[in-house]
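Now for the letters of each chain:
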Amino acid sequence: MRVPDEIAGEAAPEDGSGENLDRIIRRLIDGQLYGVLCTQGQGQPYGSLVAYAMTPDLESAVFATQKATRKYRLLSECAHVALLVDNRSALPDQLMDVEAVTATGRAFEVAAGPEFEQWSRLLTDRHPYLDTFVRSVSCALFRIDIARFFHVTRFQEVRQWVPTGPA
Amino acid sequence: MGSHRSCIVLLAEAAGAGGGLVGGKAARLGSLIQAGFRVPRGFCITTRAYEHFIAEAGLRARIAMELGRKPLDAMRWEELWDAALRIRTAFLRAGIPDAIAGQIRRALADHIGDGAVAVRSSAPGEDSRQLSFAGLHESIVGVKGDRAVLDAVRAVWASLWSDAALLYRRELSLDPHRSRMAILVQAVELAECSGVAFNRDPRSPDADRVVIEAVPGPCALLVDGSVDPDRWTLERTSGALIEWRPGRRESDDGTPLLGAQDLAHLLDVLSRIETLFAWPPDVEWTGRSPDTVVLQARPITTSRPAADDERGWYLTLRPNLRRLSALADRVKGELIPALESEGARLASHDLAAYADAELAAALLERAESLRRWKDIYWDEFIPLAHGVRQLGRYYADAVRPDDPYEFVGLLKSADMLASRRNQAMAALAERLRGNAPLIQAVSDARAALADADPTMWRETLEPLRELPGGPGFLDAFDALAARFMDVMYGTERLLDRPDLLLHTLLELAEVAPRDARPAALNQDEARSELEERLFDAIGPARRDEAAEVLRIGRVSWRLRDDDNLLLSRVESQLTRAVAMALDRLRAAGRLRQEPRRTDDMVPALVKALTDPGAVLDLPVASPEDARVEILSQDTPRQLVGQPASPGLASGRVCRITAGADIGRFRAGNVLVCDAIQPMMTHLVPLAAAVVERRGGMLIHGAIIAREMGIPCVNGIARAVDQLRDGDVITVDGHLGIVTVGPPEFDLELA
Chain A
0 MRVPDEIAGE
10 AAPEDGSGEN
20 LDRIIRRLID
30 GQLYGVLCTQ
40 GQGQPYGSLV
50 AYAMTPDLES
60 AVFATQKATR
70 KYRLLSECAH
80 VALLVDNRSA
90 LPDQLMDVEA
100 VTATGRAFEV
110 AAGPEFEQWS
120 RLLTDRHPYL
130 DTFVRSVSCA
140 LFRIDIARFF
150 HVTRFQEVRQ
160 WVPTGPA
Chain B
0 MGSHRSCIVL
10 LAEAAGAGGG
20 LVGGKAARLG
30 SLIQAGFRVP
40 RGFCITTRAY
50 EHFIAEAGLR
60 ARIAMELGRK
70 PLDAMRWEEL
80 WDAALRIRTA
90 FLRAGIPDAI
100 AGQIRRALAD
110 HIGDGAVAVR
120 SSAPGEDSRQ
130 LSFAGLHESI
140 VGVKGDRAVL
150 DAVRAVWASL
160 WSDAALLYRR
170 ELSLDPHRSR
180 MAILVQAVEL
190 AECSGVAFNR
200 DPRSPDADRV
210 VIEAVPGPCA
220 LLVDGSVDPD
230 RWTLERTSGA
240 LIEWRPGRRE
250 SDDGTPLLGA
260 QDLAHLLDVL
270 SRIETLFAWP
280 PDVEWTGRSP
290 DTVVLQARPI
300 TTSRPAADDE
310 RGWYLTLRPN
320 LRRLSALADR
330 VKGELIPALE
340 SEGARLASHD
350 LAAYADAELA
360 AALLERAESL
370 RRWKDIYWDE
380 FIPLAHGVRQ
390 LGRYYADAVR
400 PDDPYEFVGL
410 LKSADMLASR
420 RNQAMAALAE
430 RLRGNAPLIQ
440 AVSDARAALA
450 DADPTMWRET
460 LEPLRELPGG
470 PGFLDAFDAL
480 AARFMDVMYG
490 TERLLDRPDL
500 LLHTLLELAE
510 VAPRDARPAA
520 LNQDEARSEL
530 EERLFDAIGP
540 ARRDEAAEVL
550 RIGRVSWRLR
560 DDDNLLLSRV
570 ESQLTRAVAM
580 ALDRLRAAGR
590 LRQEPRRTDD
600 MVPALVKALT
610 DPGAVLDLPV
620 ASPEDARVEI
630 LSQDTPRQLV
640 GQPASPGLAS
650 GRVCRITAGA
660 DIGRFRAGNV
670 LVCDAIQPMM
680 THLVPLAAAV
690 VERRGGMLIH
700 GAIIAREMGI
710 PCVNGIARAV
720 DQLRDGDVIT
730 VDGHLGIVTV
740 GPPEFDLELA
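Each protein sequence line maps, in turn, to chains A and B. Numbered by numbering that gives the first Met the number 0, the letters in the first sequence go through residues 0 to 166 in order. Numbered by numbering that gives the first Met the number 0, the letters in the second sequence go through residues 0 to 749 in order.
Among the hints, erroneous ones may be present.
Claimed, not checked - If you anchor each label on the Cβ, the simulated ranges turn out as follows:
hint, chain 1, residue 1, chain 2, residue 2, range
1, B, Leu647, A, Asp96, 24 to 30 angstroms
2, A, Leu48, B, Gly19, 50 to 56 angstroms
3, A, Asn86, B, Gly57, 20 to 26 angstroms
Unchecked claim - Take a look, some chain A residues computed to stay more than 10 angstroms from chain B by CB distance:
hint, residue
4, Leu83
5, Arg120
6, Ser135
7, Val157
Rather than coming from a laboratory, the hints here were simulated on the basis of the structure. Even glycine gets a Cβ: it sits at the ideal position worked out from N, Cα and C.
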């Protein structure tokens with residue numbers, strides 16, 4: 000027997016949709032073609048807008064960059080990257096409804112060969128206009144192995160999701 | 000809107016302006032004026048003014064943030080009330096743009112004059128044929144002077160986001176980005192009687208019946224339930240009287256307030272309004288025939304809420320000042336003393352000396368006593384809890400502080416039972432502090448007691464008496480246990496678990512003593528300052544009213560804590576009798592398996608005690624559910640709740656979900672629980688911070704944490720599930736955020 004909780008008994012639903020976080024992330028990723036790639040080097044962070052694609056299991060992302068760029072040089076020096084994707088443009092004055100996800104991990108250049116075909120197809124299926132760009136000799140294709148995602152909504156509610164499960 | 004555009008529409012012209020601009024209530028009154036009905040003169044402040052006001056004051060984003068803090072469905076009514084208070088305070092603190100304020104002043108001067116006015120809500124879409132939202136938004140009657148009218152306008156605008164409106168947000172389609180509110184300002188008509196009239200009986204709309212109610216004086220007295228009305232039921236088609244029921248009012252000679260001519264006139268008004276709008280109306284009116292004035296007309300709605308719709312009940316938990324005054328007197332003067340003596344009486348009975356039949360009778364008596372007191376708890380103690388909320392709103396309305404919860408400083412917890420218990424515990428911990436041999440002996444006794452027969456605890460502790468300081472400690476411990484610990488926490492009777500109490504005392508003895516005196520002095524000074532702020536803001540004319548609101552708030556605050564402990568003491572007496580009955584049945588070999596303790600086991604125990612041949616049929620206890628450690632790919636990093644007590648602190652999580660968990664709680668832990676109950680507030684001084692599932696700025700945990708200066712975040716829906724014992728978390732009581740995990744961590748490793 001329990002002393003009645005004042006005005007209680009009315010167990011509130013646990014949280015909003017009850018939808019799994021991976022599905023929420025998937026939906027956000029599917030809705031956005033571009034993200035901000037964050038790199039670092041020479042004691043300085045750097046951000047670049049990139050067109051990306053992601054594997055269905057959310058374990059990897061792929062993007063392409065011209066080699067004569069600051070981001071290519073920084074990626075050559077340090078593989079640690081973050082990729083930020085958000086939907087703020089669809090909700091300009093609704094801060095509490097904006098969602099953002101930051102994926103952290105390491106970026107590796109994909110060498111020519113079967114692997115290149117597989118990853119470039121993932122990217123160009125989503126961004127067909129990049130086909131020529133991706134196949135140019137002056138362009139490099141990068142795969143990000145994602146360690147985890149941080150999902151932010153309601154301004155400051157943050158959850159973490161690990162694609163490969165907890166350590 | 001451009002400031003050059005008018006935001007005023009005369010009531011006589013409101014029908015043509017459209018409900019989107021002037022709201023449904025004003026548009027209907029405009030139609031009534033056009034049709035020749037008498038309606039108090041006045042004007043509308045259009046929805047454009049609301050939009051301009053909230054845009055200028057930046058309130059739209061503020062509302063969106065307040066309501067987006069967490070899913071509205073996951074907010075308890077108390078949290079909605081908190082959100083509504085914060086929104087209301089923000090509205091009251093915001094300035095009305097000069098262009099709008101100027102137009103309102105001119106309209107008052109040109110169309111109403113110096114008399115008192117009523118400032119009423121008129122939201123687009125309210126009171127449709129399907130739905131009536133009477134009372135969800137605010138109307139303020141008897142407002143005098145430009146400044147008071149502008150204040151009332153702000154308050155009525157804010158009521159678009161009242162707790163009641165938020166409860167019915169779906170039906171109202173409330174949306175921070177789209178919802179608007181128009182306002183109706185009308186002269187107050189003073190008449191000797193007023194009332195409501197329904198052109199169908201709302202209880203049986205198909206019957207040929209009209210219902211008319213009347214009270215002496217203004218209609219507001221009927222609407223807010225202050226005065227019991229005379230009530231007539233008439234045949235609609237013939238006007239013949241079916242029933243008259245006089246209102247129960249003091250100093251009333253029982254003469255009907257309305258005569259035959261008045262009733263006939265009201266029937267005619269109802270009939271003409273039904274013809275005009277093509278729906279049966281519910282009308283608020285004032286004045287006698289032939290000068291009856293229509294104050295409001297809306298469709299009668301007969302739809303009943305679903306059986307599990309508790310929202311109507313929440314709205315009853317807001318009694319007005321007069322009712323709260325009477326309730327406070329009754330609870331303080333009669334009920335609490337009676338509950339206290341009931342607990343003491345039952346505790347004094349020596350159940351061990353009872354024969355089985357006497358024990359059976361004691362079980363029945365205790366179960367009945369608990370049932371009765373629980374009913375009183377729900378019917379009278381819980382409504383009294385509104386006294387604190389009333390004080391909060393009264394203070395925020397008058398003072399308009401930066402912090403809508405500044406008024407909490409007016410409350411004083413020192414007189415509460417729980418505070419007295421916590422002081423006694425601090426004093427007992429002081430006896431241990433620095434006395435190493437006694438600490439060691441108490442620690443050993445605690446370990447021994449954890450596995451011992453709870454009824455033998457005095458024997459286990461007795462050797463302490465041989466140590467320096469031991470006799471004093473034991474006597475004080477005995478007194479503390481008997482006075483304060485004969486209560487339940489969950490299914491555990493704390494008096495049966497002295498090891499838990501000893502554990503907490505040992506932890507308290509380890510931490511630096513809190514010197515309460517300077518803090519108390521500061522609190523007394525701060526309290527006096529806040530009182531003065533309130534009285535200054537209210538002014539001498541309403542000082543008595545403010546003093547009464549303050550008195551009720553304080554009584555409510557103290558009793559809502561004490562009542563839990565006192566009720567728990569009665570429950571503890573039932574638990575004691577149940578345990579005694581089970582012991583006897585076990586000893587007699589009639590209890591093969593340990594039964595599950597439930598509310599309804601008393602009849603079976605009574606039968607078994609009084610009939611040795613009876614089969615004991617009790618549900619069997621299942622092994623306690625093992626705690627499932629959540630291993631998920633999805634883990635929280637930042638959880639958002641309400642900033643219930645300011646401060647920033649980190650510590651390891653200790654979840655308290657059952658009495659036994661009290662024995663694991665260490666100084667410096669973060670206390671994570673469903674809700675802090677008065678039975679466990681003695682843990683709060685040990686806690687680095689508090690996190691609760693239950694939300695509310697005025698719940699026990701929030702207030703006690705604020706008094707002790709301990710950060711508290713509450714209203715985190717899955718706090719107990721999502722946080723794991725031993726997790727390091729940081730509690731930001733300024734912003735209402737709990738960050739999980741140490742501040743620095745490797746981004747690449749899970």
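Mind checking the hinted window 20 to 26 angstroms against the Cβ distance between Asn86 (chain A) and Gly57 (chain B)?
With a Cβ separation near 23 angstroms, Asn86 (chain A) and Gly57 (chain B) satisfy 20 to 26 angstroms, so the hint holds.
Any Cβ of chain B at or closer than 10 angstroms to Val157 (chain A), or is the non-interface label fine?
Its Cβ does come within 10 angstroms of chain B, the nearest being 4 angstroms, so this is violated.
Given the range 24 to 30 angstroms, decide if the beta-carbon distance of Leu647 (chain B) to Asp96 (chain A) lies inside it.
Between Leu647 (chain B) and Asp96 (chain A), where Cβ atoms are some 28 angstroms apart, the hint holds.
Say whether it holds or is violated: Leu83 (chain A) keeps its Cβ farther than 10 angstroms from all Cβ of chain B.
The claim stands: Leu83 (chain A) keeps its Cβ more than 10 angstroms from every Cβ of chain B (closest is about 13 angstroms).
Tell me if the beta carbons of Leu48 (chain A) and Gly19 (chain B) are separated by a distance inside 50 to 56 angstroms.
Violated, at about 42 angstroms.
Decide, holds or violated, for the assertion that all CB atoms of chain B are farther than 10 angstroms from the CB of Arg120 (chain A).
27 angstroms, holds
Examine each Cβ of chain B, and state whether all of them lie more than 10 angstroms from the Cβ of Ser135 (chain A).
31 angstroms, holds
In summary, the structure is inconsistent with hints 2 and 7 from the numbered list given earlier, while agreeing with the others.
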